[in-house]
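Engineer: The chain contents come next:
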Amino acid sequence: MSSTDLKIGPHLLGIRGLSREQVEFILATAAQFVEVSERPIKRVPTLRGKTVVNLFLEASTRTRTSFEIAAKRLSADAVNIGAKDSSVTKGETLLDTVWTLQAMAPDVIVMRHPSSGAAHFIAQHLTRSAVVNAGDGLHEHPTQALLDALTIKQKLGKLTGLKIVLVGDVFRGRVARSNIFLHTLLGNEVRAVAPPTFIPPDLAQLGVKLYHDLPSALDGADVVMSLRIKTEYLQDAFIPSTDEYCRRFCITEPILAKYAPESIVLAPGPFNRGIEMSSEVVDGPRSQISKQVNYGVAVRMAVIYLLAIRQGAMNLSEHLKEHSA
Amino acid sequence: MTEPKKQAAEKEGWVRVLDSDEVRRAITRIAHEIIERNKGAQSLAVVGVRTRGEHLAERIAKMIEGIENMTIPRGVVDITLYRDDIAHNPEQPLVRGTELPFNVDKKAIILVDDVLFTGRTIRAAIDAIIDYGRPRSVQLAVLCDRGHRELPIRADYVGKNLSSSKQEVVEVCLSESDDEDAVYIRPSRKPKEGA
Amino acid sequence: MSKKIVLIGGRVCDPGSGVDGDFDVLIEDGKVAAVEKPGAFAGLQDVDVENVAGLLVVPGLMDVHVHLREPGFEWKETVATGSAAAAAGGFTTVCCMPNTKPVNDSGQTTRYILERAREAGLADVLPIGAITKGSEGVELAPMIELFEAGCVAFSDDGLPVMDANVMRRALEYSSMLGTVLSVHEEDLNLSRGFAMNEGVTSLKLGLKGFPEAAENVMIARDIELARLTGARVHFCHVSTARGALLVKRAKEDGIKVTAEVTPHHLTLTETACEDFNTLAKVSPPLRLDEDVHALREALESGVLDCIASDHAPHDPDTKNCAFSEASNGLLGLQTNVPLLFRLVQRGDISLRRMIESATTAPARCFGIEPNRIRKGSRANIAVLDPNRKILLTKEYLCSKSKNTPFLDQEFQGIAVKTFVGGRKVYDLGVTSA
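Chains as they are written, first to last, in my numbering: chain A, 2 to 326; chain B, 310 to 504; chain C, 656 to 1088.
Chain A with its partners taken away, still in its complex shape:
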């Protein structure tokens, strides 16, 4: 298999824009990196001398740590910059932050930002660094969707012909959005179930089937993804209370056993026991939550690896051009 026709990069800004083959290539690469984390020495020398900057302008421990471990397991130098450390709090514009970073010549910039499109924006302005979108506003979180996909593939052995059910706030979820793009791309049936405030009718145009009751949405499902319900939703009048949400949309083992007996359960970030899912589900055999964390590192290794080597080769050829001129 030649990889030239499915080059990944130079950036990974979202699932939208990737081809099915590219998704499969990233996942195939990631599957190989799973093994690195199981070795006694969890490190390969591949990216020695490369620099990965984790620019996290929105709080995140899980994702940042995952990217940091991924970079370090590839022997890259990982530097973390948080909102508090950066000059953003001193009024520096994102563009200025980018120029400053550019001058430090990182090979890969992993960015989390509260504004949708922020990763696209910096990618337009960076010429010598690959950008990985680690979550931009409500837009996308591509590595999360990829790690979800790897989890599904490793567990179920396939990534097509599946019924995937998203439960909860799809409207304001970047994880949900990336998963919708990914699974519609792979030809899976994507369903969303939540109160109508969380699943606007326009979602149907993205190829999602909409439900307002859990049993019919779960019917025959292979994969159930639980999305976080944040308490600030109450203020925006999305739901009256988490208790009320729970009455109809909490994922419990009896419901799964009845309507989706073969299903596995995924949850991306922090979750609330007893609100989105019962503890029985979180701790039960369907739950892939700890596997997701595991595969998260492998997926991020794959993404950093693929982008860093491409960027490295591009920079080298630029360098040679400059010095031969």
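Derived by calculation from the structure, the hints in this document are not laboratory data. As the structure is a computational prediction, the values presented were derived from the model and not from experiment. Watch out, some of these pointers could steer you wrong.
[Said to hold, decoys possible] Facing chain C, from chain A, some residues (calculated, C-beta under 8 Å):
| hint | residue |
| --- | --- |
| 1 | 20 |
| 2 | 41 |
| 3 | 42 |
| 4 | 44 |
| 5 | 116 |
| 6 | 119 |
| 7 | 121 |
| 8 | 122 |
| 9 | 141 |
| 10 | 203 |
| 11 | 204 |
Even glycine gets a Cβ: it sits at the ideal position worked out from N, Cα and C.
Starting from the known structure of chain A, arrange chains B and C on it as the hints suggest.
Structural biologist: For chains B and C alone, coordinates are given in the frame of chain A:
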């Protein structure tokens, strides 16, 4: 991963340096030499370098098992993550993974590859193995040694020494991935247009 | 006394005066001295002859919705640079919105703007005063003071008057002046945090949406308030099909409403925001195909009275950022005519309607004198070349800012000469472009 069948017409300008019998004999001899040098096959493990080294390793391991009547652990190393030319390669090579399903510590590892050339692949493969533990020794077996070393590496077991120019290419064909067992020397291909 | 100017060989098109045909125009003492059959002025001595053969001679275009940014945001635009952009775009008369710093809610600020405009001398600038103090939507601005200082209308543009009672009082109060309230319609609760139109594109991009209902409910409210008070309401930049329909029904009911539409809402859809193009970020946002089509029909039929550009200059820093943080707005004064010609060329609107919607129609909406090409009128005249091609480069744009999604596009049809008060303030020349 199967290579396209090499049609006779495509082999114009190719010179066969080993035929299938010679390949078989070379492998048999290497297996015997390994047993002799290691005074048996206790604590041996045979590890092939992907892709053709993997097939050769399998053949050598089988042969040793037949002679010594015991099971030999085997493994595969993929050197992609250990290459020293990664910054020079604009492609994104497919990582295929290293599989060493045995404890590497205190093993005498027979590292097997098809062709020994600059030595860089072997350097990478040794580094990969050492990431899994501390073998007692690593010994190198190759079907062909074509010279032109760039690193201080030599083979312990050699099927055949070839004299080739740097511009030539040594093609090893094995029935597992090709349609025959043979070794050829051919001129390097013209660079593809736009490549 | 300035030299006489004669425009010869052109086709004079002045829908307001019912003139459309080949005429030569004589300008003297800042006024139109005569409009005669071709060749009538051939014998005149001591005149500047402007050969406008094959070109359209129209009344100076009027834009009732521009942002000149002065005072307060002079790095984006000044009255002088904005006037230059107007002149280069064929506009002799512009009404500037009061969302400056300070907000134009005092006679002093109005006089300052007028003074700047006189100094520049490139366009007739007619200020619009604020409806409420500081455009905060709470207390009425001193409308009499503003009116006496020279304001021709009132608006809190950029923001709606959210409090319906304040809006009612503003309508009642302003009616004694015979002025219109020009209103930006947006329910701020429905549009909170918006970055673009609410729909499938905003869903894909993860951007908060401005649902069309947020505009429509306010149009509907103010139609009712216009009916209640009998005062005149002018709707700024109508962007939705439903909004146009509401205006149509209100007019059928005899309610005194008028409405404008921008060239960008007539030509672009929300898909222009794909790839997070901040240059296409504007309020109200670019909508859907069906809206664009409905707006074109509504303009052609007269439901939407006039064209207004909502010329909104922004410096690069406020556009060179993440989409949701970027400022709303795009340039209009120099893209207006090229975009309108594009619509004419595609058969979406007639040439006559195009001229009318940028001359007599806006004047009628605001209750002010339109520019005319007839004996005795102030000589505000634009000469348009429907065939001239232009590449819309940064260099071509006279505005201090360059924020337009149409940059580097080629257009056919453009203003080539502009006269304000009988003085030539712009001439594209024959060689450039």
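Engineer: For every hint, state whether the structure bears it out.
Structural biologist: Now the hints, each set against the structure:
1. 20: Constraint on residue 20 (chain A) not satisfied, violated at 17 Å.
2. 41: 42 Å, violated
3. 42: At about 40 Å, which exceeds the 8 Å cut-off, the nearest Cβ of chain C leaves the hint on residue 42 (chain A) violated.
4. 44: 35 Å, violated
5. 116: Holds - the Cβ of residue 116 (chain A) comes within 8 Å of chain C, reaching about 4 Å at its closest.
6. 119: 4 Å, holds
7. 121: 5 Å, holds
8. 122: Status holds, d = 5 Å.
9. 141: 7 Å, holds
10. 203: Given a least distance of 5 Å, the restraint on residue 203 (chain A) holds.
11. 204: With a minimum Cβ separation of about 7 Å from chain C (threshold 8 Å), the hint on residue 204 (chain A) holds.
The earlier numbered hints that this structure contradicts are 1, 2, 3, 4.
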